[in-house]
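*Asks:* From first to last, the protein sequence lines stand for chains A and B.
Going by our numbering, the first residue of the first sequence is number 1, and it counts up by one from there.
Going by our numbering, the first residue of the second sequence is number 135, and it counts up by one from there.
Because the hints were derived from the structure by calculation, they are not lab data.
Be careful, since some hints might not be right.
Just the calculated beta-carbon pair ranges, DEER-fashion [stated by the list, open to error]:
hint, chain 1, residue 1, chain 2, residue 2, range
1, A, R66, B, R156, 23 to 33 Å
2, A, E16, B, I208, 36 to 46 Å
3, B, Q237, A, C43, 25 to 35 Å
4, A, G59, B, H166, 44 to 54 Å
5, B, T336, A, G59, 52 to 62 Å
Even for Gly, the Cβ is constructed at its ideal location relative to N, Cα and C.
For reference, the chains in residue letters:
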Amino acid sequence: MHELPVVQSLLEITLEHAARHHARRVVALNLVIGQLSSIVDDCVQFYWDILARDTMAQGARLHFRRVPARFRCRDCGADFALDESRLLCPGCGGFHLQLLQGDEFRLESIDIEEETTSSLQAMAKTESRFQKNL
Amino acid sequence: MSPTKTVPVVENILKANDHLARANRELLDHTHTVAVNFMASPGAGKTSVILRTIEALKDRYRIAGIDGDIATTIDADRMAAAGVHAVQINTGGACHLDAVMVQNALAQVDLERTDLLIIENVGNLICPASFPLGAHLNILIASVPEGDDKPYKYPTMYRGVQAVILNKTDILPHFDFDIDYFRRGVEALNPGLAFFPLSAKTGEGLDAWIQWLTGQVDDFLDHRTPWF
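Put together the whole structure using the sequences plus the hints.
*Replies:* Given below as structure tokens:
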């Protein structure tokens with residue numbers, strides 16, 4: 001399995017977005033994972049706890065939203081859930097299928113604590129001073 | 135405690151790999167090199183099919199190889215013995231090649247003098263599917279002893295490939311392998327997918343595969359337009 005590179009990539013994306021939003025701390029990550037994407041939740045959390053140490057995302061919780069695989073039959077148009085043993089349309093028996101959902105593998109959002117108002121004001125002050133000096 | 139808020143991200147978790155795969159592809163397009171990524175479970179006959187392919191095409195194209203393996207150089211050595219410059223990538227236990235490893239290996243290949251680059255992925259039916267490398271063609275090699283239910287059990291692996299080879303057809307009489315059932319599973323997620331039953335051992339069925347591959351590679355070299 002490849003949870004380690006997955007977590008490295010996840011941390012990179014998280015820190016990039018946290019910085020962009022002037023986060024003080026990242027509290028949680030909201031992940032959307034399709035049924036066809038191979039990933040082991042516990043294993044990801046394990047690596048996360050190690051790799052995120054000493055970053056602003058240390059201790060963040062990982063929330064996994066699983067998306068079941070669904071297909072549309074190209075022959076009769078029926079929508080149906082994945083039956084791993086068959087891969088056939090339950091309506092007409094057709095086997096030309098289009099995947100509608102289930103291969104997701106994305107970081108949907110992060111929950112952050114923002115800089116406190118006073119520190120934001122301090123930053124704004126520094127910025128205006130900086131601009132005055134230009 | 136400070137207030138928390140949710141900020142949207144909406145990014146593919148493996149976007150770093152995807153970006154590098156695109157960069158690999160751009161480099162290959164630039165040097166007019168066609169890369170073919172072979173994936174399969176261990177023992178399906180990746181190296182045997184590749185050696186047959188090299189043998190059939192070595193007078194037509196300038197071929198180089200990149201070989202991914204957990205630790206040994208056995209497969210790269212076999213490619214080299216077939217007269218092909220082969221770069222070995224030892225993944226150090228990792229279960230798949232990723233775009234970074236291939237990027238590093240590409241630096242060791244004389245791409246300007248290579249028409250066809252053969253990439254042999256690590257034997258695995260799960261992980262390679264998640265890590266695009268930037269290859270123009272992704273080929274899955276299945277084999278008769280694995281059983282006819284594999285497309286149903288590993289749908290992710292069978293999606294997103296441009297052709298499926300079924301190797302070891304010479305032993306079909308000894309196995310309860312329903313080739314129609316197998317093919318239906320392959321086609322379910324890839325309508326019209328190219329399918330080549332063959333035996334790397336006896337050479338049966340090899341011509342159709344070579345003819346198809348030649349057509350694909352020539353198309354690219356003639357038109358120099360990316361396909362997929």
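*Asks:* So, for every hint listed, does it hold in this structure?
*Replies:* Outcome of the hint check:
no. : hint                          : in the structure
1   : A:R66 with B:R156: 23 to 33 Å : holds (28 Å)
2   : A:E16 with B:I208: 36 to 46 Å : holds (41 Å)
3   : B:Q237 with A:C43: 25 to 35 Å : holds (26 Å)
4   : A:G59 with B:H166: 44 to 54 Å : holds (50 Å)
5   : B:T336 with A:G59: 52 to 62 Å : holds (60 Å)
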